[in-house]
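For the sequence shown, the positions run 510 to 1378 when my numbering is used.
In case anyone wonders, no lab produced these hints; they're calculated from the structure.
There may be inaccurate statements among the hints.
[Said to hold, decoys possible] Label pairs and their calculated CB-CB ranges:
#, residue 1, residue 2, range
1, ALA1196, GLY840, 43 to 49 Å
2, ALA715, GLY1084, 54 to 60 Å
3, GLY1084, GLU1314, 52 to 58 Å
4, ARG1281, ASP1174, 20 to 26 Å
5, GLY617, VAL964, 32 to 38 Å
Every residue gets a Cβ at the ideal spot worked out from N, C-alpha and C, and that includes glycine.
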Amino acid sequence: MDAAGDARRRRAPLVLMAASGFAGLGYEIVWTQQCALWLGHEAAAVLAVVAAFFGGLAVGAFALGRRVARSARPARWYAGCEAAVALWSACLLLAMRPFSAAALRLTGAEPAPVWQWSVAFAGTFLLLLPATAAMGATLPALERAVAGARRAKGEAQSIAGLYAANTFGAVAGVLAAAFWLVPRLGLARTAGIAIGINVLCGAAAAALFRTRAAAAADVAPPAAPAAAGARALLARLALTGLLGIGYEVLVVRVLGQVTEETVYTFALLLAVYLVGSAAGAAGYRRWLAARPDRARLTDPLLAALAAACLGGTASLWAAEHVRAAAQRALGGGVGAALAAEAALAVVAFGPPTIVMGALFSHLADRARASGVDFGRALGVNTLGAAAAPLLFGVLVAPALGPKLALLLVAAGYLALTARRAWSRPVVWAPAAAAVALALLAPPLAFIDVPPGGRVVSYREGVMAAVSVVADAGGVARLRIDNRQQEGSSATSRFDARQAWLPLLLHAAPRRALFLGLGTGVTAGAAARDTTLQVDAVELLPEVIEASSYFRSERDGPGPRVVAADARRYVRAADGSYDVIVSDNFHPARSGSGALYTVEHFQAVRRRLGAGGLFCQWLPLHQLDLDSLRSVVQSFLAAYPQGWAVLANNSLETPVVGLIGRADADRFDAAAIHDRVARAAARQPVAALGLEDDWAVLGAFVAGPAALRRFAGDAPANTDDRPIVAYRAPAITYAPDSSPRDRLFALLRQLAHHPLLPAALVAPPADPAWTARLAAYWQARDRFMASGRDVRPSPRVQEMLAQVREPLLAVLRISPDFRPAYDPLLAMATALAGSDAPGARALLAELSRLQPARGEATRALAMIDAGTPR
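Go ahead and model the full structure; you've got the sequences and the hints to work with.
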């Protein structure tokens, strides 16, 4: 064969390994998101799928590695394994849904943590095992085939080249799946592409090693007897696998408090981790594999890895500054924000993973030289890696905290060095640095505390860190991973309103379910109604604990709170509910998009009782209109007669609610009037701005026709095509408009199909009722438009100068519109002491516009009588 042909033949196995790695990590992205649907959280899915991946690889390497090592045709084993991966992955396209349903039933609605994690790890492992076990044998099989050919030509042998190619291919697979394939094609089609790659790899290998020369090269040599140090090498391979993936799990966990924690974040972190590992393997092959003293490199590499992990850990304390500096240098935009997250990953993962790749290649080569076949070496390494997510992610990190857990990883590498090496600075210097960090460095906890503020509580959990922070004014805020605000004590009125607005639309609710707890104010406001049984579901136990800081004794016993995943609870719980209210989950955060899918909305509908009602709140300040179209499209697939409401009239944090009913009936105006009257007698709903049926029905902004027109041809957000999870992060990384601009754009588009009161409700006998409701809606829109350019001021005169005429104009449209009446009444009363004539004139106008209300008339009489207020 000529030189060009020989070069192509040498490159072909590298191409096969790269393609195989591309498919393997493409599967990991797909399976992580599919498993998150029944595991309940993206973080839980990452831990379970990573453990299942490495566990399956270990099983495959152990079960098949020895046979591959003794086979005269290892290339056939490779081709067969690629075919097995493709076959089982194709089966998973059909089996994932029924398996998820069975796993949900097995886990139960309210599982104990031990049972939940046992089902998560064991179920995922068994589900993926046939494919991952076959993957575990592909690298040993191709390594055997290539090694045989090189032995026949007297060339040096090292697994580093194949390992590097496989890992570089994995990087491409992660990035392509996360940034292109899944957003455009969906999960099933992305898996289909990976299946096709596996088939092509198997066919190419069968063709490549079909010739007689290749067959002769494939003949296995007699197995060399294992050297005395083989057992120690295998132990090091297992423990370095454990520590390496442990380091990855812990760093990802810490950076989750600094990054935006979207689907792109994990892909970038994983890609950087893999690039470093591949670069280390390639570097070892190029510069170290042929060194005559390479047998002595074990201790220096272990010490270097410990030092690199300590450096990576130390960089985490500066992670916020690194991210800010990277964004300043790169400018604005989504690309710059993603590049800043990648920069964080490079700083924390770069040096450690480079040494990890070199160390694995070195230990695998030394094991083979000691008579241990590569399959066994790979098996023990991946077996250790499989244990890392459970050990470090579920047990060590919550117990010790990320700082001590990361220092434990560095200490673990140092403990693997030989005793004689501790006399050298290369070993004891990192050990001293680890002790210094343990004693002197602060915890790896990121908490933004405003000037004059304080940390009320902080707790590290398995899936997130939860903090409560109070500012100088005493306003407390609940945050998850320091990024996602779950509410504050300053928004309690709005939060309570989000409970009572949907509750008042049901004639006589007896059971209510709240998906998401947050501060607990929303579900707690509903629980004050003693005639109502209230359940609340919250994924994170730490949030449940933190919600106690937002309750007072007068709130009563509160709702029954269940620590569970909302999707799983809706499917697995017994009984039905009259009203189900879903919190305004941040759509860009990993896992939240699954709560806005067609499948979830349909499951909620099945959980509603006769005449039941579902309200899905949506944070328009965190959601772009294109993503909102997909959510609306998905909602209409489950509730064709859906309606839209506004939770409040805020321009800075607008929240839109989608209302669906188990039946297709209209709302009944008389029933709502009676319901509000009964609720007002038991609860202070008037304080929430829900004092009458005008306020309740006045929250509606769109009906079915308007929502269908708004959704247009937007793709629905489904379990297979998670549009929202991939589209919503854009506005988080680089907002293209302000929340108020998005709100007004939405209202303009919905206004093309004006609301018809008669289509919404069965009106009462009052002939003026329909016109009054239509006027209320018009006044609401005018009210919000009038606030667009208002500049808040503590001076009553300045505020009144801005809002007096606009708010009076609103009241002339609809005297029933209290949001315009109440602030004018308050300002007039406050003005009485400094400008009695001005206050008198304003109160007289309010009395003229709304004579049925006595507040303005009484205030006017008190001013005339000189009574102090």
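Hints, one by one, checked against the model:
1. ALA1196 <-> GLY840: 43 to 49 Å: With Cβ atoms ~47 Å apart, the hint holds.
2. ALA715 <-> GLY1084: 54 to 60 Å: At roughly 57 Å between Cβ atoms, GLY1084 and ALA715 fall inside 54 to 60 Å, so the hint holds.
3. GLY1084 <-> GLU1314: 52 to 58 Å: This hint holds: roughly 54 Å between Cβ atoms.
4. ARG1281 <-> ASP1174: 20 to 26 Å: holds, 23 Å
5. GLY617 <-> VAL964: 32 to 38 Å: holds, 35 Å
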